[in-house]
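Protein chains: 2
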Amino acid sequence: MSKVAIFGYGTIGSGVVEVLNKKREYIEKQVGEEISVKYVLDLRDFPGDPIEKILVHDVQVILDDPEVDIVVEVMGGVHPAYEYVKSALLAGKSAVTSNKALVAACGPELLKIARERKLNFQFEASVGGGIPIIRPLEDALTAGDASGIYGILNGTTNYMLTKMFDDEMSYEDALAQAQALGYAERDPSADVEGFDACRKISILASVTSGKFVDYQEIPTRGIVGITQEDMSIADLLGYGIKLIGSFSRENGKNYAEVTPMLVPFDHALYPVKDVFNGILVDGDVNGAIMFYGSGAGKLPTAGAVVADIIDIARNAGRTIQAGYSEEKLELADLSARERAFYVRVAGGSEDQAQAFASSFGADSYTEIESGTYAFITAPMTRAAADKLCADAEGNINIIPVIG
Amino acid sequence: MSKVAIFGYGTIGSGVVEVLNKKREYIEKQVGEEISVKYVLDLRDFPGDPIEKILVHDVQVILDDPEVDIVVEVMGGVHPAYEYVKSALLAGKSAVTSNKALVAACGPELLKIARERKLNFQFEASVGGGIPIIRPLEDALTAGDASGIYGILNGTTNYMLTKMFDDEMSYEDALAQAQALGYAERDPSADVEGFDACRKISILASVTSGKFVDYQEIPTRGIVGITQEDMSIADLLGYGIKLIGSFSRENGKNYAEVTPMLVPFDHALYPVKDVFNGILVDGDVNGAIMFYGSGAGKLPTAGAVVADIIDIARNAGRTIQAGYSEEKLELADLSARERAFYVRVAGGSEDQAQAFASSFGADSYTEIESGTYAFITAPMTRAAADKLCADAEGNINIIPVIG
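Line order of the protein sequences matches chains A and B.
For what it's worth, the numbering used here labels the leading residue of the first sequence as 790, then goes sequentially.
For what it's worth, the numbering used here labels the leading residue of the second sequence as 790, then goes sequentially.
A few of these clues could be false.
Pairs involving identical chains hold if they fit within one copy or between any two copies, as the list cannot separate such chains.
Computed list of lysine-lysine pairs in DSS-like fashion (alpha-carbon distance at most 25 Å, straight line) [unchecked claim]:
| no. | residue 1 | residue 2 |
| --- | --- | --- |
| 1 | Lys1000 | Lys818 |
| 2 | Lys842 | Lys1117 |
| 3 | Lys818 | Lys901 |
| 4 | Lys1087 | Lys1176 |
| 5 | Lys811 | Lys1042 |
| 6 | Lys1117 | Lys1000 |
In case anyone wonders, no lab produced these hints; they're calculated from the structure.
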């Protein structure tokens, strides 16, 4: 019988307890033995809650109990999650986490400790919520050796962009609505600045490449500065705008990035709307495969955590994940990479529009009001595009086109 | 070192050899040891082909060689694939297949033999080509205990339906074009009658339920009889038409079916076009998750086969798949299940259109030419719908609406 301790009784923690209870019979059949929760760790008290009897405030009780073989970290944040998980691994317990910040910052070290002790450190729930993506990247796609990953990894910003695109809402109104619905925090910067997506793509890039992709080295631009006007023009040009975390390999170089991107209507990621996540994996063998589903939410995330618990219980005594090493993957300079860009000029001179567009290799431009026009450039480097913009009139927004 | 024998050197078989060669280094890193092909079995000769030296015509050579630990069956058809795979398992070799006919017909027995001998019988490539679906259903989704699966599982018919919908092509022209492109056989019945999709959904249903879902018991209707007119009306009503293999559980009853279905524009399966496959998995925990990609093709299918080979090589000496039992899952009668239907009447009396639609609980109907109209019914049983149609004028086509 596997005995589990859960660090943190917030939304996800209580979801994990709920799923383990609800699916008790099914899980037992799958694993061949019972999985029970022996402890819940939280600083708070929960009088009247069924977990009251197994609630502890001191992590040491759990670390010292040899009966506990799996700990589940769902507290969030790097500290003290890191210290707790590391201590648990060093005490011979496998660990599961839904905490992208922990994995992005400390994944290589924790994976190494787990490997050395024939334990497991699993984090399926840290990216894409209930969507299975870490495991497919590790297992089924192994033969494909993915050459590119493009993901809508943040539900909050995808919801906002959907409202701006479909309902012609302003950025401010979309944010207010996301906050009213509980999708966005009062301080929305982790979402709208792209920090959340950045940690997630760093995890996917690490799993895919087998080396550590440091999130601090990933150029990250959020959706701040995307206007409803950009949405309207993109629509006219045949594109949506999505916040994309990407990792790709070209000519032996590795690129990682978080940025809004123009996504054509016929692209697999285009229909991914509202709070949904979608992750497109490009491989030279398997072709393009997309995974789509709820990227967050109590039960989907808890379900992914429980799937990891089941996986570990089924495989006691062996490390199942290939994981990735502590060696850092070198990321190439994005500004030297050729691709097409969307260029929007607001308050420019109408007379110069065609000449300006032509200088980017664009045959034509689309105007939505006097002085506000946009075009898609020929493939060029960002450096070249910036140079062309340097002396131009008006307020210019440059967004790469996916592809 | 794992030594592999490949049964059949057709498209998939040569693809497996290609992927194993192309990805040699990567695979070795993943598995921790080399995987090499020791034999290729085929009745034909391949003079000048690199595999000429390892080609054998007699399966017994492979069965008798204790060095071979994994056989790969990519011949297609039930016989002699069944005899070869069974003999290999009995000789202590694990087996991988891409052969849906074999899995649908003999899966339970072959899985049992594998389990009893701590071997593996894996078939990721038998459904969805390069899309990982068997393994996610087994692993990551375990906590979700999927309550419904809706799949576009046949690329040929999806291609035809896409041409009929997007390009207003007739059924006959769409079939001719699919044949010209090599998507459809000269005798297209396995695709257009739904037999291929039926075997695939039976496999997914078996894996999900843990019991054998016999494909012979799954009510199966293909795309024959779907007209370009149906496509136009569906479009007007806000739907596409897709061939859907489904397995779902409601109130303790299990339903499986292959049938064309109306799919609303905002449904996750709607954007799955051309030869692509899409599989939507509904779970009470994970919510709706969709898997999308190339459902066929030499390299994607070979990639899925190689992923199974890698999985087995990594897990020598233990059965990794939960699989399903020989016990048959009882399927409930679909005609007693309430749902909405699309009803199209051709050559009916225009005067009676509104009254006829109203008898199905439909508020309105859509007419595209005199005497040809259609409507979406209120939820009702198929038996009730058929009864209402019994005495009606004109040629009537009834198609269920997904949901």
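- Checking against the hints above, which ones are violated? The structure breaks hints 2, 4; every other hint is satisfied.
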